[in-house]
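Respectively, the protein sequence lines represent chains A, B and C.
No gaps in the numbering here: position 121 of the first sequence is 133 in our numbering, and each next residue is one more.
No gaps in the numbering here: position 166 of the second sequence is 178 in our numbering, and each next residue is one more.
No gaps in the numbering here: position 165 of the third sequence is 177 in our numbering, and each next residue is one more.
Among the hints, a few may not be true.
Same chains, same label: a pair holds when it works inside one copy or across any pair of copies.
Said to hold, decoys possible - Here are the simulated lysine to any residue pairs, SDA-like style, with alpha carbons at most 20 angstroms apart: (1) K319 - D134; (2) K319 - Q109; (3) K319 - R75; (4) K135 - A190; (5) K319 - G181; (6) K135 - V235; (7) K135 - V189; (8) K319 - W136; (9) K319 - P272; (10) K319 - R161; (11) K319 - A184; (12) K135 - V227; (13) K135 - A222; (14) K135 - T165; (15) K319 - A275; (16) K135 - K319; (17) K319 - L76; (18) K135 - P183; (19) K319 - A82; (20) K135 - Q109; (21) K319 - S52; (22) K319 - L280.
Hints were generated in silico from the structure; no laboratory data involved.
So the chains spell out like this:
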Amino acid sequence: MPRANPNLLVQSLRGASQVFFMENAATGVLFFAAMAYASSVSGNWATTIGAAVGVGVATLTARLLECDEASVSSGLYGFNGILVGAALPTFIAASPQLWVSIVIGAAVSTVLTAAFSATLTDKWGIPGSTGPFVLTGWLMVAAAYSFGRLQVTGDAPRLAGDLVRGAAGIPAPMDLVAIFFRNIAQVYLLGSAVSGAILLAGILIASVPAGIAAVAGSLISLVVAIAMGADPSAVSQGLYGFSPVLTAMAVGVIFLTPSPRVAAYAALATVMTVFVQGALDVMVAPAGIPSFTAPYVLTMYLFIAPKRLMAPHPHAPVADHMVGNGTPAHSAGTAR
Amino acid sequence: MPRANPNLLVQSLRGASQVFFMENAATGVLFFAAMAYASSVSGNWATTIGAAVGVGVATLTARLLECDEASVSSGLYGFNGILVGAALPTFIAASPQLWVSIVIGAAVSTVLTAAFSATLTDKWGIPGSTGPFVLTGWLMVAAAYSFGRLQVTGDAPRLAGDLVRGAAGIPAPMDLVAIFFRNIAQVYLLGSAVSGAILLAGILIASVPAGIAAVAGSLISLVVAIAMGADPSAVSQGLYGFSPVLTAMAVGVIFLTPSPRVAAYAALATVMTVFVQGALDVMVAPAGIPSFTAPYVLTMYLFIAPKRLMAPHPHAPVADHMVGNGTPAHSAGTAR
Amino acid sequence: MPRANPNLLVQSLRGASQVFFMENAATGVLFFAAMAYASSVSGNWATTIGAAVGVGVATLTARLLECDEASVSSGLYGFNGILVGAALPTFIAASPQLWVSIVIGAAVSTVLTAAFSATLTDKWGIPGSTGPFVLTGWLMVAAAYSFGRLQVTGDAPRLAGDLVRGAAGIPAPMDLVAIFFRNIAQVYLLGSAVSGAILLAGILIASVPAGIAAVAGSLISLVVAIAMGADPSAVSQGLYGFSPVLTAMAVGVIFLTPSPRVAAYAALATVMTVFVQGALDVMVAPAGIPSFTAPYVLTMYLFIAPKRLMAPHPHAPVADHMVGNGTPAHSAGTAR
Chain A
13 MPRANPNLLV
23 QSLRGASQVF
33 FMENAATGVL
43 FFAAMAYASS
53 VSGNWATTIG
63 AAVGVGVATL
73 TARLLECDEA
83 SVSSGLYGFN
93 GILVGAALPT
103 FIAASPQLWV
113 SIVIGAAVST
123 VLTAAFSATL
133 TDKWGIPGST
143 GPFVLTGWLM
153 VAAAYSFGRL
163 QVTGDAPRLA
173 GDLVRGAAGI
183 PAPMDLVAIF
193 FRNIAQVYLL
203 GSAVSGAILL
213 AGILIASVPA
223 GIAAVAGSLI
233 SLVVAIAMGA
243 DPSAVSQGLY
253 GFSPVLTAMA
263 VGVIFLTPSP
273 RVAAYAALAT
283 VMTVFVQGAL
293 DVMVAPAGIP
303 SFTAPYVLTM
313 YLFIAPKRLM
323 APHPHAPVAD
333 HMVGNGTPAH
343 SAGTAR
Chain B
13 MPRANPNLLV
23 QSLRGASQVF
33 FMENAATGVL
43 FFAAMAYASS
53 VSGNWATTIG
63 AAVGVGVATL
73 TARLLECDEA
83 SVSSGLYGFN
93 GILVGAALPT
103 FIAASPQLWV
113 SIVIGAAVST
123 VLTAAFSATL
133 TDKWGIPGST
143 GPFVLTGWLM
153 VAAAYSFGRL
163 QVTGDAPRLA
173 GDLVRGAAGI
183 PAPMDLVAIF
193 FRNIAQVYLL
203 GSAVSGAILL
213 AGILIASVPA
223 GIAAVAGSLI
233 SLVVAIAMGA
243 DPSAVSQGLY
253 GFSPVLTAMA
263 VGVIFLTPSP
273 RVAAYAALAT
283 VMTVFVQGAL
293 DVMVAPAGIP
303 SFTAPYVLTM
313 YLFIAPKRLM
323 APHPHAPVAD
333 HMVGNGTPAH
343 SAGTAR
Chain C
13 MPRANPNLLV
23 QSLRGASQVF
33 FMENAATGVL
43 FFAAMAYASS
53 VSGNWATTIG
63 AAVGVGVATL
73 TARLLECDEA
83 SVSSGLYGFN
93 GILVGAALPT
103 FIAASPQLWV
113 SIVIGAAVST
123 VLTAAFSATL
133 TDKWGIPGST
143 GPFVLTGWLM
153 VAAAYSFGRL
163 QVTGDAPRLA
173 GDLVRGAAGI
183 PAPMDLVAIF
193 FRNIAQVYLL
203 GSAVSGAILL
213 AGILIASVPA
223 GIAAVAGSLI
233 SLVVAIAMGA
243 DPSAVSQGLY
253 GFSPVLTAMA
263 VGVIFLTPSP
273 RVAAYAALAT
283 VMTVFVQGAL
293 DVMVAPAGIP
303 SFTAPYVLTM
313 YLFIAPKRLM
323 APHPHAPVAD
333 HMVGNGTPAH
343 SAGTAR
């Protein structure tokens with residue numbers, strides 16, 4: 013792969029593609045096309061411009077901090093920044109302070125990417141993925157409630173009991189098709205089925221197995237969300253599907269080597285992600301923040317953490333404890 | 013210990029006994045008797061059946077995932093599943109979707125047990141214990157608020173200021189005896205003093221020191237909760253005692269080698285667990301979820317983490333930092 | 013440094029100075045003078061007495077637990093206890109149970125200091141700093157809502173939408189000077205500008221660079237908080253400045269070796285701390301607890317975690333995963 017010092021534009025386009033685990037500048041171009049299409053429909057261009065600013069600032073920050081060069085070239089220091097840049101204008105009204113927040117948030121997302129890498133990844137083998145975006149996004153949106161110069165649009169802190177619970181039902185076939193694509197579009201916080209189709213095309217030109225996993229994730233989430241009676245409005249917007257799409261791709265294809273066994277494991281993870289989506293929506297409501305991709309991030313971390321042959325702690329005394337007497341009742345060998 | 017390929021029933025009964033840190037199928041039988049007694053009193057058999065399903069599914073999942081065989085045999089992959097299976101029907105009304113949730117939650121609890129083992133235990137020497145149950149239980153109960161096909165009974169998201177604060181007083185002697193046993197029963201989410209007595213008998217046939225620690229934990233929590241003026245209704249149901257009972261056993265007997273010094277340390281941990289119970293009840297109230305055994309889990313993690321001879325970071329520059337200049341002002345040897 | 017077995021008084025005074033990263037008994041004396049001055053103005057002496065009790069109990073607990081002797085001598089096991097002792101009487105009305113809580117909280121803060129050291133510091137190179145104080149303080153204040161014998165003064169659990177949002181404006185020059193010093197005073201939960209000046213003097217007699225960083229942190233936070241339109245009442249009390257002051261000192265001088273590059277990095281961290289302050293105020297409001305120094309702690313952890321040359325996970329399969337087939341598609345060498 014030609015990683016030797018590509019320019020900031022190529023690195024940024026690769027960063028755009030890394031949101032779906034790809035490293036492909038052409039895919040990144042398609043992803044920006046999907047965002048631009050959604051902006052042209054909604055009339056809110058701040059999201060697309062914010063994404064461009066976010067991935068540029070994040071990647072530039074990584075270069076200034078002299079982060080691992082191969083990683084910067086691959087766009088791995090850009091995908092959290094692009095999501096910060098796309099998310100903040102989605103939830104905060106445009107103002108000079110919004111753009112300051114995007115620049116700071118994107119720069120900080122690079123620091124967090126390095127921090128997650130040095131802790132989760134280096135010591136536990138867990139990829140940070142979009143965890144830095146989730147944390148940065150939560151902090152910036154929550155902060156907006158405290159800052160008079162930032163205006164959060166739509167949501168507000170509330171208890172989940174205040175959530176309207178619609179009557180459950182099965183959407184019409186054409187609606188199901190639209191939801192299927194919106195499940196993919198919402199990874200980029202887009203509500204457009206057409207954008208979802210463009211994103212899926214972008215994934216497929218980079219990796220067919222990854223595209224298949226995305227399709228499977230969208231379908232599984234659709235079935236589970238409807239079967240459990242999730243809020244039809246949220247289901248319709250694709251809000252129950254984007255995290256499961258990422259989980260299916262990450263656990264089924266990207267971080268584990270594909271096999272029938274891994275497929276079953278990824279299916280369980282994908283189903284669980286729908287439950288985690290329902291749970292986190294309730295848990296973060298009092299703070300007035302969106303759950304972002306946290307359902308994917310939490311589920312993926314937990315499903316990737318286990319290692320082969322790892323034995324749990326067998327309830328034996330811990331050796332070398334501060335207040336222990338140094339001679340555990342059972343052998344220290346089994347104590348870990 | 014006869015660990016060579018026992019059947020699923022024996023592994024599941026051992027899993028039941030591991031809730032109180034034991035590895036004893038006979039103890040597991042007594043524990044199921046305690047649950048059945050409480051079900052016969054309350055008329056809610058879904059909790060006992062859920063427990064059976066939970067421990068079976070969790071153990072079977074561990075076998076399918078080829079988790080460490082000795083651990084599976086010991087029941088260490090079953091005790092989180094049994095608690096998930098007992099807890100969900102306690103807080104969610106019966107429906108086909110409830111049983112789907114129990115099966116998924118129990119299977120996921122096994123993945124989380126492996127995940128906690130590979131991170132907390134393997135790298136930090138901290139046993140995962142019932143942490144996977146707490147996390148799985150929180151996610152499934154919170155999700156129920158989002159799902160029209162799951163109905164949470166009783167609780168709802170609220171702010172702690174809405175909690176009724178009863179006038180504090182000292183219960184009558186016979187009430188104190190009942191609370192003493194309920195403190196043990198609530199580890200299995202049971203409100204019956206008789207069930208508590210059966211559980212204590214089950215612990216004592218497996219380990220007398222563990223039984224003594226359970227007794228001490230129940231007594232300490234009773235004194236502290238009354239002295240601090242905790243809600244008399246919650247105290248009466250044993251809700252201030254079950255986590256301290258587990259802390260006293262875990263810190264005093266199971267994970268550290270018993271000694272007078274360790275007993276004093278465990279007493280401090282047990283007292284603190286009562287405070288953490290009061291705190292977490294307030295903190296999780298906005299999400300509408302029970303604190304489960306989180307007060308025990310958090311306190312135990314924090315009291316087991318310290319290792320002998322571990323020096324804290326002496327405020328010296330961190331060597332090898334990304335933006336440092338590579339030559340720390342103080343020696344790197346003391347910087348960690 | 014004369015660390016050989018100084019008495020408890022000297023160790024406690026050093027512990028007081030460690031709140032600002034110093035190891036200097038004379039600085040500790042000045043810090044107690046700053047607290048006493050604020051108590052004489054407010055009439056609430058429980059905070060100063062609580063601080064003395066807290067640092068004494070925490071240090072004594074460390075000696076009883078035989079924690080690392082050099083660390084105990086340096087006061088590193090005292091600074092969390094002094095903050096617990098100062099904070100609890102600030103938020104909880106005086107009663108015998110308050111003093112019990114202070115003693116237990118201070119003793120537990122020592123266990124948590126050892127726990128953070130054995131996990132964050134030992135494995136990830138992240139200093140625990142005032143993290144143990146934040147966690148202990150949160151648990152004790154939240155518990156007070158559950159305990160009839162502890163009365164939380166002022167605050168109560170609420171949603172952030174209930175927060176009054178004042179019109180933003182630029183304070184008068186003399187007010188700016190007072191806020192500048194209150195930003196430093198609030199590190200010790202003091203609202204007095206005079207106390208802030210005494211604290212700054214104490215820092216300067218121990219370290220001029222640390223004092224300069226404190227000044228810079230206070231100034232940066234003032235500019236950012238006003239520019240973002242933060243609640244003028246909170247800004248005026250110094251509540252938007254104390255965490256940034258600590259971040260500027262920690263990231264700019266204490267934990268990284270000072271350089272122009274590190275100064276820029278610390279400036280970004282300091283700016284971010286103001287956002288995190290705004291965010292955490294919203295996030296912890298439903299639990300009715302103050303954010304304490306959590307904005308500093310969270311930001312500092314994240315900015316100190318990255319290590320030089322650390323590559324993030326390149327989205328390749330994880331080797332040795334429980335359900336993987338043992339032959340990752342990409343080389344294991346790049347998988348971490």
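Hints, one by one, checked against the model:
{"no.": "1", "hint": "K319 - D134", "in the structure": "both (14 angstroms within a copy, 10 angstroms between copies)"}
{"no.": "2", "hint": "K319 - Q109", "in the structure": "neither (45 angstroms within a copy, 31 angstroms between copies)"}
{"no.": "3", "hint": "K319 - R75", "in the structure": "between (33 angstroms within a copy, 15 angstroms between copies)"}
{"no.": "4", "hint": "K135 - A190", "in the structure": "neither (41 angstroms within a copy, 45 angstroms between copies)"}
{"no.": "5", "hint": "K319 - G181", "in the structure": "neither (40 angstroms within a copy, 51 angstroms between copies)"}
{"no.": "6", "hint": "K135 - V235", "in the structure": "neither (36 angstroms within a copy, 38 angstroms between copies)"}
{"no.": "7", "hint": "K135 - V189", "in the structure": "neither (42 angstroms within a copy, 46 angstroms between copies)"}
{"no.": "8", "hint": "K319 - W136", "in the structure": "both (10 angstroms within a copy, 15 angstroms between copies)"}
{"no.": "9", "hint": "K319 - P272", "in the structure": "within (18 angstroms within a copy, 38 angstroms between copies)"}
{"no.": "10", "hint": "K319 - R161", "in the structure": "neither (47 angstroms within a copy, 35 angstroms between copies)"}
{"no.": "11", "hint": "K319 - A184", "in the structure": "neither (43 angstroms within a copy, 52 angstroms between copies)"}
{"no.": "12", "hint": "K135 - V227", "in the structure": "neither (32 angstroms within a copy, 36 angstroms between copies)"}
{"no.": "13", "hint": "K135 - A222", "in the structure": "neither (27 angstroms within a copy, 32 angstroms between copies)"}
{"no.": "14", "hint": "K135 - T165", "in the structure": "neither (39 angstroms within a copy, 41 angstroms between copies)"}
{"no.": "15", "hint": "K319 - A275", "in the structure": "within (17 angstroms within a copy, 35 angstroms between copies)"}
{"no.": "16", "hint": "K135 - K319", "in the structure": "both (13 angstroms within a copy, 12 angstroms between copies)"}
{"no.": "17", "hint": "K319 - L76", "in the structure": "between (35 angstroms within a copy, 15 angstroms between copies)"}
{"no.": "18", "hint": "K135 - P183", "in the structure": "neither (45 angstroms within a copy, 47 angstroms between copies)"}
{"no.": "19", "hint": "K319 - A82", "in the structure": "between (26 angstroms within a copy, 16 angstroms between copies)"}
{"no.": "20", "hint": "K135 - Q109", "in the structure": "neither (37 angstroms within a copy, 38 angstroms between copies)"}
{"no.": "21", "hint": "K319 - S52", "in the structure": "neither (46 angstroms within a copy, 42 angstroms between copies)"}
{"no.": "22", "hint": "K319 - L280", "in the structure": "within (17 angstroms within a copy, 35 angstroms between copies)"}
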